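There are 2 protein chains.
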Amino acid sequence: MPHTTAEKTITSRDVARLAGVSQSAVSRAFSPNSPLSDKTRAHILQVARELGYKPNAIARSLVSSQTRFIGIVKGATNNPMFSELLTAITEEIQKTNYQVLYYESGPDQTLDDILERIFQYRVEGVILLYANLSSRITHNCRELGIPVLQMQRYSTNAQANVVLPDNERGVAMAVDLFIRKGYRSFAYVAGEMNSSSNLERQMGFLNHLRDCGVNDPIVVQGDYSYDSGYRALQQIAARASYPCGILCANDLMGLGIIDAAKASSLRIPQDIGVIGFDDNFMSSWPVYQLTSLKQPTVEMAKKGVEVLFQSITDRTLQPTMYRYDFELIERNSTNR
Amino acid sequence: MPHTTAEKTITSRDVARLAGVSQSAVSRAFSPNSPLSDKTRAHILQVARELGYKPNAIARSLVSSQTRFIGIVKGATNNPMFSELLTAITEEIQKTNYQVLYYESGPDQTLDDILERIFQYRVEGVILLYANLSSRITHNCRELGIPVLQMQRYSTNAQANVVLPDNERGVAMAVDLFIRKGYRSFAYVAGEMNSSSNLERQMGFLNHLRDCGVNDPIVVQGDYSYDSGYRALQQIAARASYPCGILCANDLMGLGIIDAAKASSLRIPQDIGVIGFDDNFMSSWPVYQLTSLKQPTVEMAKKGVEVLFQSITDRTLQPTMYRYDFELIERNSTNR
DNA sequence: AATTGTTACGCATACGTATTCAAGCGCGGT
DNA sequence: ACCGCGCTTGAATACGTATGCGTAACAATT
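Chains A and B, in that order, are what the protein sequence lines are. Residue 336, in our numbering, is where the first sequence stops; the numbers in between run on with no holes. Residue 336, in our numbering, is where the second sequence stops; the numbers in between run on with no holes.
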């Protein structure tokens with residue numbers, strides 16, 4: 001398609017002509033470590049500014065075969081923690097000279113389309129921001145030699161860098177707190193079944209309880225949503241003995257539990273104690289005061305980006321996994 | 001920097017050689033409307049698949065001077081509505097053959113950096129996703145002829161396309177509901193002062209109240225946060241007569257109001273009625289049941305993207321503004 | 001003054017694709 | 001048999017930049 005505007009784009013040649021130097025000099029003027037005398041560099045930059053010249057990153061990408069694109073693919077979720085992560089990761093990438101190509105992954109069918117874009121735009125690294133999707137993107141990216149970072153998702157056959165919380169130690173902290181506070185019966189409200197976080201948390205919870213001599217915790221299937229937490233309480237109430245410690249695979253369900261408990265005139269924290277994951281901003285609100293296991297999201301974002309860049313720089317590097325400790329934020333929901 | 005991997009990148013020439021055609025034929029094979037016999041096209045695509053060839057979008061951009069990038073700049077906020085908007089807009093763009101370059105705008109100093117990236121990567125259109133930042137990006141983009149879409153933010157000198165809710169009619173609906181339900185005194189909890197949404201809502205509320213013969217509503221300054229809403233109630237309680245209808249510039253503050261009211265043993269909706277904006281997902285939770293003015297975010301995202309693309313296609317087009325009606329979601333917080 | 005070492009800079013080319021132009025081809029109409 | 005037309009295709013070029021290589025300029029050393 002032809003240019004519809006009459007404006008001519010200003011190239012390094014235009015600057016060169018006006019500055020009385022060669023095009024290469026202009027190019028070097030914009031590459032800090034290129035050999036060029038301070039004097040001419042200053043002159044060129046001056047002329048460039050007057051002309052309103054901006055280097056064309058696309059052309060640069062073509063010749064250097066470095067696009068400086070990082071693809072971020074985020075799954076559908078309304079858990080605010082993923083938005084937090086997105087923000088933290090993006091800010092981290094913005095500190096470098098890389099750009100974020102952002103993709104929203106809806107139902108599975110869209111994955112092929114996203115993959116196509118990632119390949120065609122020669123994205124140098126991919127960050128996966130969801131806990132419960134297939135690992136197809138990881139697979140295909142690896143096939144093409146594109147380094148991958150998975151946040152919040154464990155892979156056994158991981159050909160990807162992985163940054164996630166230490167769920168096992170997290171649930172241990174939760175169990176210990178429950179026991180220390182005198183809760184004697186236990187329940188787990190599960191998140192989506194194909195979520196690796198949920199799997200680890202559920203297994204860890206049951207295992208650690210067994211180690212503590214508890215063999216019959218109630219397990220209710222939820223789906224990470226507030227509503228599923230709300231409904232879960234009714235199932236728990238039907239079978240629980242009190243005081244009962246309820247661990248939820250995320251905060252949203254924990255908040256649902258609390259509201260349902262109030263509606264059932266179960267007392268928190270006397271009759272039931274609740275612990276969630278992720279420390280959503282709502283959890284600190286006075287009506288909730290939900291005890292939560294908080295991930296060091298900013299720290300994890302930093303590490304993830306760092307590791308991904310290492311993989312990009314050194315393509316022979318083996319993918320690695322980093323576990324981060326939760327911080328247990330004690331609030332009223334366990335304050336017996 | 002030289003390639004660190006030994007893998008050679010596969011180009012259209014490689015495909016051409018193996019398929020026994022010219023490079024131009026390969027190029028045409030991947031452009032649906034280019035003249036090429038079905039037979040050779042099929043053959044080329046077949047060979048391309050075998051070789052694992054993917055067209056290089058960067059090179060394509062260079063020659064066609066169409067990057068197919070849309071820049072999205074999102075402001076710092078933890079209002080979930082902006083995440084919703086981001087999702088909706090991104091999905092809409094993904095239906096086209098454009099890519100999203102995503103930027104997170106922190107404090108004002110980062111704007112220059114973001115602008116630099118937008119220009120250097122030859123972004124074809126920019127979407128601004130915040131209500132309370134300066135219009136510097138809009139200005140600079142217009143100078144360079146880049147079309148801009150502002151969501152949620154009105155500009156008087158708007159050289160930008162603008163999509164936002166009809167705040168005036170929204171507050172009118174709120175006032176009418178309050179009056180119909182019998183609230184006789186009124187208060188407004190303001191959002192950040194440099195937010196255009198807040199300005200319109202505040203002015204509209206006061207004006208429409210005056211039209212209804214109410215001249216002395218209480219106005220409390222908040223900052224869109226839950227906490228500021230919580231604190232606002234105390235100031236309102238000190239001066240209000242009951243029943244009092246409180247309009248909040250967003251839901252988060254409304255939720256704060258509700259929690260604070262409960263703590264002060266003020267009854268909702270008998271003593272005070274609360275209406276917020278944006279219908280956050282928390283607002284429908286049973287403990288809150290906050291009446292809210294909901295924006296048709298998906299519809300607005302669609303229109304915004306559509307308008308932006310029109311501006312990109314026809315650069316002579318004058319920027320336009322679109323107002324969308326709120327939907328009043330009545331819940332218990334006004335159910336006197 | 002001659003030599004060496006160092007820095008500054010221009011020339012030419014390459015990156016991978018889209019597109020213009022012209023050529024080749026088959027085919028039907030006069 | 002000739003011309004003209006539509007359809008395919010290839011050759012050549014352009015997009016805007018980075019960079020290897022060679023040379024010129026200049027400083028430092030003998």
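Take the hints with a grain of salt, since some may be wrong.
In the DMTMM-like style, the derived pairs of lysine to aspartate or glutamate whose C-alpha atoms are separated by at most 25 Å in a straight line are [what the hints assert, rightly or not]:
1. B:LYS95 with A:GLU116
2. A:LYS294 with B:GLU84
3. B:LYS54 with A:GLU116
4. B:LYS54 with A:ASP112
Quick partial rundown of chain A residues pointing at chain B, CB under 8 Å, derived from the structure [unchecked claim]:
5. PRO32
6. TYR53
7. LEU101
8. ASP176
Here are a few chain A residues that sit away from chain B, every Cβ distance over 12 Å (derived from the structure) [stated by the list, open to error]:
9. LYS54
10. GLU91
11. GLU92
12. GLU116
13. ASN215
14. PRO319
Read the hints as simulated data drawn from the structure, not as lab findings. Since this is a predicted model, take the numbers as computed values, not measurements. For glycine and all other residues, C-beta sits at the position ideal for the given N, C-alpha and C.
Which hints, by number, does the structure contradict? 5, 6, 8, 9, 10, 11 and 12
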